[in-house]
Amino acid sequence: MSVPARTREAASTLQLCRIMGPNDANIVGNVHGGIILKMIEEAGCIVSTRHCNTQNGDRGVAALVRVEKTEFLSPVFIGEVTHVTAEITYTSKHSLEVQVHVMAENILTGAKKLANKAALWYVPFSLQNVEKIMEVPPIKYATAEQEEEGKKRYEAQKLERLETKARLEEVVPPLPNPERHTIGFSQSTLIHLVGPSDCTLHDYVQGGVTMKLMDEVAGIVAARHCNSNIVTASVDAINFHRKIKKGSVVTVTGRFTFVSNKSMEIEVFVDAASLMEAEKGKYRAVSAFFTFISLDKHNRPQPVPPLKFNGQEEERRAEEGKTRYLHSKAKRLAERERLIADADQS
Amino acid sequence: MSVPARTREAASTLQLCRIMGPNDANIVGNVHGGIILKMIEEAGCIVSTRHCNTQNGDRGVAALVRVEKTEFLSPVFIGEVTHVTAEITYTSKHSLEVQVHVMAENILTGAKKLANKAALWYVPFSLQNVEKIMEVPPIKYATAEQEEEGKKRYEAQKLERLETKARLEEVVPPLPNPERHTIGFSQSTLIHLVGPSDCTLHDYVQGGVTMKLMDEVAGIVAARHCNSNIVTASVDAINFHRKIKKGSVVTVTGRFTFVSNKSMEIEVFVDAASLMEAEKGKYRAVSAFFTFISLDKHNRPQPVPPLKFNGQEEERRAEEGKTRYLHSKAKRLAERERLIADADQS
Amino acid sequence: MSVPARTREAASTLQLCRIMGPNDANIVGNVHGGIILKMIEEAGCIVSTRHCNTQNGDRGVAALVRVEKTEFLSPVFIGEVTHVTAEITYTSKHSLEVQVHVMAENILTGAKKLANKAALWYVPFSLQNVEKIMEVPPIKYATAEQEEEGKKRYEAQKLERLETKARLEEVVPPLPNPERHTIGFSQSTLIHLVGPSDCTLHDYVQGGVTMKLMDEVAGIVAARHCNSNIVTASVDAINFHRKIKKGSVVTVTGRFTFVSNKSMEIEVFVDAASLMEAEKGKYRAVSAFFTFISLDKHNRPQPVPPLKFNGQEEERRAEEGKTRYLHSKAKRLAERERLIADADQS
Numbered sequence: 001m002s003v004p005a006r007t008r009e010a011a012s013t014l015q016l017c018r019i020m021g022p023n024d025a026n027i028v029g030n031v032h033g034g035i036i037l038k039m040i041e042e043a044g045c046i047v048s049t050r051h052c053n054t055q056n057g058d059r060g061v062a063a064l065v066r067v068e069k070t071e072f073l074s075p076v077f078i079g080e081v082t083h084v085t086a087e088i089t090y091t092s093k094h095s096l097e098v099q100v101h102v103m104a105e106n107i108l109t110g111a112k113k114l115a116n117k118a119a120l121w122y123v124p125f126s127l128q129n130v131e132k133i134m135e136v137p138p139i140k141y142a143t144a145e146q147e148e149e150g151k152k153r154y155e156a157q158k159l160e161r162l163e164t165k166a167r168l169e170e171v172v173p174p175l176p177n178p179e180r181h182t183i184g185f186s187q188s189t190l191i192h193l194v195g196p197s198d199c200t201l202h203d204y205v206q207g208g209v210t211m212k213l214m215d216e217v218a219g220i221v222a223a224r225h226c227n228s229n230i231v232t233a234s235v236d237a238i239n240f241h242r243k244i245k246k247g248s249v250v251t252v253t254g255r256f257t258f259v260s261n262k263s264m265e266i267e268v269f270v271d272a273a274s275l276m277e278a279e280k281g282k283y284r285a286v287s288a289f290f291t292f293i294s295l296d297k298h299n300r301p302q303p304v305p306p307l308k309f310n311g312q313e314e315e316r317r318a319e320e321g322k323t324r325y326l327h328s329k330a331k332r333l334a335e336r337e338r339l340i341a342d343a344d345q346s
Numbered sequence: 001m002s003v004p005a006r007t008r009e010a011a012s013t014l015q016l017c018r019i020m021g022p023n024d025a026n027i028v029g030n031v032h033g034g035i036i037l038k039m040i041e042e043a044g045c046i047v048s049t050r051h052c053n054t055q056n057g058d059r060g061v062a063a064l065v066r067v068e069k070t071e072f073l074s075p076v077f078i079g080e081v082t083h084v085t086a087e088i089t090y091t092s093k094h095s096l097e098v099q100v101h102v103m104a105e106n107i108l109t110g111a112k113k114l115a116n117k118a119a120l121w122y123v124p125f126s127l128q129n130v131e132k133i134m135e136v137p138p139i140k141y142a143t144a145e146q147e148e149e150g151k152k153r154y155e156a157q158k159l160e161r162l163e164t165k166a167r168l169e170e171v172v173p174p175l176p177n178p179e180r181h182t183i184g185f186s187q188s189t190l191i192h193l194v195g196p197s198d199c200t201l202h203d204y205v206q207g208g209v210t211m212k213l214m215d216e217v218a219g220i221v222a223a224r225h226c227n228s229n230i231v232t233a234s235v236d237a238i239n240f241h242r243k244i245k246k247g248s249v250v251t252v253t254g255r256f257t258f259v260s261n262k263s264m265e266i267e268v269f270v271d272a273a274s275l276m277e278a279e280k281g282k283y284r285a286v287s288a289f290f291t292f293i294s295l296d297k298h299n300r301p302q303p304v305p306p307l308k309f310n311g312q313e314e315e316r317r318a319e320e321g322k323t324r325y326l327h328s329k330a331k332r333l334a335e336r337e338r339l340i341a342d343a344d345q346s
Numbered sequence: 001m002s003v004p005a006r007t008r009e010a011a012s013t014l015q016l017c018r019i020m021g022p023n024d025a026n027i028v029g030n031v032h033g034g035i036i037l038k039m040i041e042e043a044g045c046i047v048s049t050r051h052c053n054t055q056n057g058d059r060g061v062a063a064l065v066r067v068e069k070t071e072f073l074s075p076v077f078i079g080e081v082t083h084v085t086a087e088i089t090y091t092s093k094h095s096l097e098v099q100v101h102v103m104a105e106n107i108l109t110g111a112k113k114l115a116n117k118a119a120l121w122y123v124p125f126s127l128q129n130v131e132k133i134m135e136v137p138p139i140k141y142a143t144a145e146q147e148e149e150g151k152k153r154y155e156a157q158k159l160e161r162l163e164t165k166a167r168l169e170e171v172v173p174p175l176p177n178p179e180r181h182t183i184g185f186s187q188s189t190l191i192h193l194v195g196p197s198d199c200t201l202h203d204y205v206q207g208g209v210t211m212k213l214m215d216e217v218a219g220i221v222a223a224r225h226c227n228s229n230i231v232t233a234s235v236d237a238i239n240f241h242r243k244i245k246k247g248s249v250v251t252v253t254g255r256f257t258f259v260s261n262k263s264m265e266i267e268v269f270v271d272a273a274s275l276m277e278a279e280k281g282k283y284r285a286v287s288a289f290f291t292f293i294s295l296d297k298h299n300r301p302q303p304v305p306p307l308k309f310n311g312q313e314e315e316r317r318a319e320e321g322k323t324r325y326l327h328s329k330a331k332r333l334a335e336r337e338r339l340i341a342d343a344d345q346s
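Chains as they are written, first to last, in my numbering: chain A, 1 to 346; chain B, 1 to 346; chain C, 1 to 346.
Chain A on its own, in the form it takes in the complex:
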């Protein structure tokens, strides 16, 4: 994903910016990854909702259905200004791809750095009938190649969305008095009552609000394990399978799957239940893997304590986590080599 060129109509891009305050960061000043994710999704939602309402007819709101794997490239600090630029980069009949990049600017020194790049998929729902999916007006592409590449990304994510279901396993509460560095020791749960400011454009929780809660729980799990300053390093692709309505209680649980020398993978489950219609019961709305790293006093990554496993189930999940870790490491290396090769050629 490259920084989008300004070739398309202005209506399909949007820039948000905001100065980071103490409420956005932990006590050593690192802005929470969840705050960045929430801003990314707000920008994506505005640009895609606007796009789908350009034509007369049905009014609708774009709902987040998927976020591709995203990496936090540089830490952001209190007092910096975060610029979030969102652009619609592909449209299918019923969905939009929005690419977002986040720059952090130190307004005291003028230094700027790329903090994050992300790609989000939205589907527009009618405001009159929330079950009805609207048609998406097509965008114009600068080149035929751009359209083709977008189509490839569209097919790939569609396949993955159909194949992947939310992991439905029940999260069992940890045993009492767990030993330190076990998975049960750091497992954490928060509950949140969905209020009006979580649901800006309709009566459903914004995807960014959910991601912020997930990052919050994952961060507590990570800090409980390594007792140090921790930051979000990356988030695996997230599929939003089911909507969460205003007035629901969401239960967000995080637990360790795998620890490498310097990174921690935490799986996060979001369950929702209506307080008023209890007979409908609790359902799994979304699940995802967050990767955190531990930082020393100079903001450099430091080793994390290994996990202690209890039982085969935990070991199996760690094996799967290791596979994801090695896969993503190999991919990063391949990309770096490609960049070096490109540089040599030019």
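If you are wondering where the hints come from, they were derived from the structure by calculation, not from laboratory data. Some clues are possibly wrong.
For chains that are exact copies, the list does not tell them apart, and a pair is met inside one copy or across any two.
[Claimed, not checked] With a cut-off of at most 30 Å between alpha-carbon atoms, the simulated DSS-like pairs for lysine-lysine come out as follows:
#1 K245 with K329
#2 K280 with K262
#3 K151 with K117
#4 K308 with K112
#5 K282 with K329
#6 K280 with K93
#7 K132 with K112
#8 K245 with K308
#9 K132 with K245
#10 K308 with K93
#11 K93 with K262
#12 K152 with K112
#13 K158 with K280
#14 K280 with K132
#15 K158 with K246
#16 K113 with K69
#17 K280 with K297
#18 K308 with K246
#19 K282 with K93
#20 K132 with K93
#21 K158 with K262
#22 K113 with K308
#23 K282 with K262
#24 K158 with K112
#25 K246 with K132
#26 K243 with K297
#27 K132 with K282
#28 K152 with K262
#29 K282 with K140
The model shown is predicted, which means the values in this text are computed figures rather than measured ones.
Given chain A, put chains B and C in place with the hints provided.
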């Protein structure tokens, strides 16, 4: 406790007011009891911190050590303006009593109602050395009788604070797949990472922030049990035994103790742990009993489903809850009769 | 003030945007003027702080010293996206003028409207020494005329800032049981403890935070008088004479000065006091005049009840308010005629 007369110096009184917004209320518009408790404590903290810093010398912050039992007399709604008046009504060598009353005003109709009355005890700590308790400058009393009555309240709460320890029992997570209307079914836990805005004047959580979290969990427990609109009816006396520092994770758990025909008693436990100094472990910071009622569509109290008990332990706790319920009911009746008798005499 | 042309370097402009949520608005959905003022000031602060730190050397933060009279041209509603564009339009040796315009966009219909235009003056203070004013790097002007016009505005505001002191009169609490529609009846005070999120870049309250509090109080005063949906119509020029430090208590009081047929002028006073250094006492930080209008169910202005005066002092203040009202009405008419004349010529 009578509405404080304006006989004392202005420095020892304070009025806060704020218009209630959607974030302060549930989806049917009832302002959360926790929001009111937080405002009450903010007013109490300001008036007592100000009082203790009038003289030159050590600078300090008043920390909440106790809230007397308080009742929510009328519901407050979105759009109303809440006026919180705090007055210092007694000073001992090392503590202050602040009496607070809360009026809710509908600015569209002009209607006003008394929403809450509360009495809080503060102890001033030095900002240089958080273990050092400062001396409290004495206030002037309008009459000798006022001073004497204050002294009685001071002795009574001191005794109770010394006698009462935070209930230290471990809160066991509920069994999987609990049956509806059991205690395990509605038991709820939230975690919260203490951020800068939770700690306005020093690096410790404001008492009002803790009370707001407790009310939030208790409300979710109550709603999960009766699946209806619920509101806080009263809070038993709370003693704040131990401070909670910025950067801690607090775990707030609520579970049912007792249900009468139209009220629900929920016990709430607050445990705190430092993320960075994990070797210090988790400690019980505070515990309290909240009473909620269930409202129908016309905002009238309605019956709540009875509790299903599992085991003697739960039945024992319900017995204790019933004793508290009957005791407080008797007290309310006695007070009503006293008021009627007073009215007859005059 | 015209919408700034994009002739100057990109670093001297900035665009903020944000979707308006329920917390930003009153219960009928009108976004509070104070929210708009806070966004305007945030954009102004970022663009001018950034500009003053472009050169190596001392680091500093731009502090708001003055806002010119500003009018709310169209109401903004929940769900709309507010775009705030700030541009540096003049620099003197020690101050900057920032012109800001606010567009509100309905992303469901595509409709856009100009919501506000404002001009703000900033002075950069050193972060090392808060008493030291930094030098402002000059901007480049597209034409000599632009520079000259900027200089005129600079001289005019400087003169006015020197002449105008914050109105220092003591705000007397109203008598008990005031009659409806008197000035004492609607007079309102709120108190706010300055927390970390009020002070983003240094330990002093952001000007926008103060303006938001002032608008909040003025809105309560207006609603108490006319018991209807009210919105901010305009704010007279505000001079920020004295800074307010973190940990202070600010007391914001609003009271009526004048009522025309369809508008209400409310004077707002902001007093600050340190809680820790109570012996330093309270000081007047800023004062300003806010004008509100009352809206009927169709969002159209409606007549407001006349004020009842008690005493010559109140009548004198109303006379002054009437002068301001007539002056600003005449100015608006003159501008409109000028626009019509311009249109005729072209």
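Now for the hints, and whether the structure bears them out:
1. K245 with K329: Result: close neither inside a copy nor across copies, 37 Å intra and 38 Å inter.
2. K280 with K262: between (42 Å within a copy, 25 Å between copies)
3. K151 with K117: within (19 Å within a copy, 43 Å between copies)
4. K308 with K112: between (40 Å within a copy, 22 Å between copies)
5. K282 with K329: neither (36 Å within a copy, 36 Å between copies)
6. K280 with K93: between (32 Å within a copy, 24 Å between copies)
7. K132 with K112: Between copies, since 27 Å is at most 30 Å while 42 Å is not.
8. K245 with K308: between (38 Å within a copy, 29 Å between copies)
9. K132 with K245: both (16 Å within a copy, 26 Å between copies)
10. K308 with K93: Neither. Shortest intra-copy (48 Å) and inter-copy (49 Å) distances fail the 30 Å Cα cut-off.
11. K93 with K262: neither (43 Å within a copy, 51 Å between copies)
12. K152 with K112: neither (32 Å within a copy, 35 Å between copies)
13. K158 with K280: Answer is within: at 29 Å inside a copy they meet the 30 Å cutoff, but 34 Å across does not.
14. K280 with K132: both (22 Å within a copy, 24 Å between copies)
15. K158 with K246: within (28 Å within a copy, 34 Å between copies)
16. K113 with K69: Answer is within: at 20 Å inside a copy they meet the 30 Å cutoff, but 37 Å across does not.
17. K280 with K297: Classified as between: cross-chain Cα gap 21 Å, same-chain 48 Å, threshold 30 Å.
18. K308 with K246: between (39 Å within a copy, 29 Å between copies)
19. K282 with K93: between (32 Å within a copy, 27 Å between copies)
20. K132 with K93: within (14 Å within a copy, 43 Å between copies)
21. K158 with K262: neither (33 Å within a copy, 51 Å between copies)
22. K113 with K308: between (37 Å within a copy, 25 Å between copies)
23. K282 with K262: between (35 Å within a copy, 26 Å between copies)
24. K158 with K112: The answer is neither: 35 Å in one copy and 35 Å across copies each exceed 30 Å.
25. K246 with K132: Answer is both: 19 Å inside a copy and 23 Å across each meet the 30 Å cutoff.
26. K243 with K297: For K243 and K297, only the inter-copy Cα distance (26 Å) is at most 30 Å; the intra-copy one is 40 Å.
27. K132 with K282: both (24 Å within a copy, 28 Å between copies)
28. K152 with K262: Cα proximity of K152 and K262: none, with 34 Å in one copy and 56 Å across.
29. K282 with K140: Between. Shortest inter-copy distance 22 Å satisfies the 30 Å Cα cut-off; intra-copy 42 Å does not.
Checked against the numbered hints given earlier, this structure breaks hints 1, 5, 10, 11, 12, 21, 24 and 28; the rest are met.
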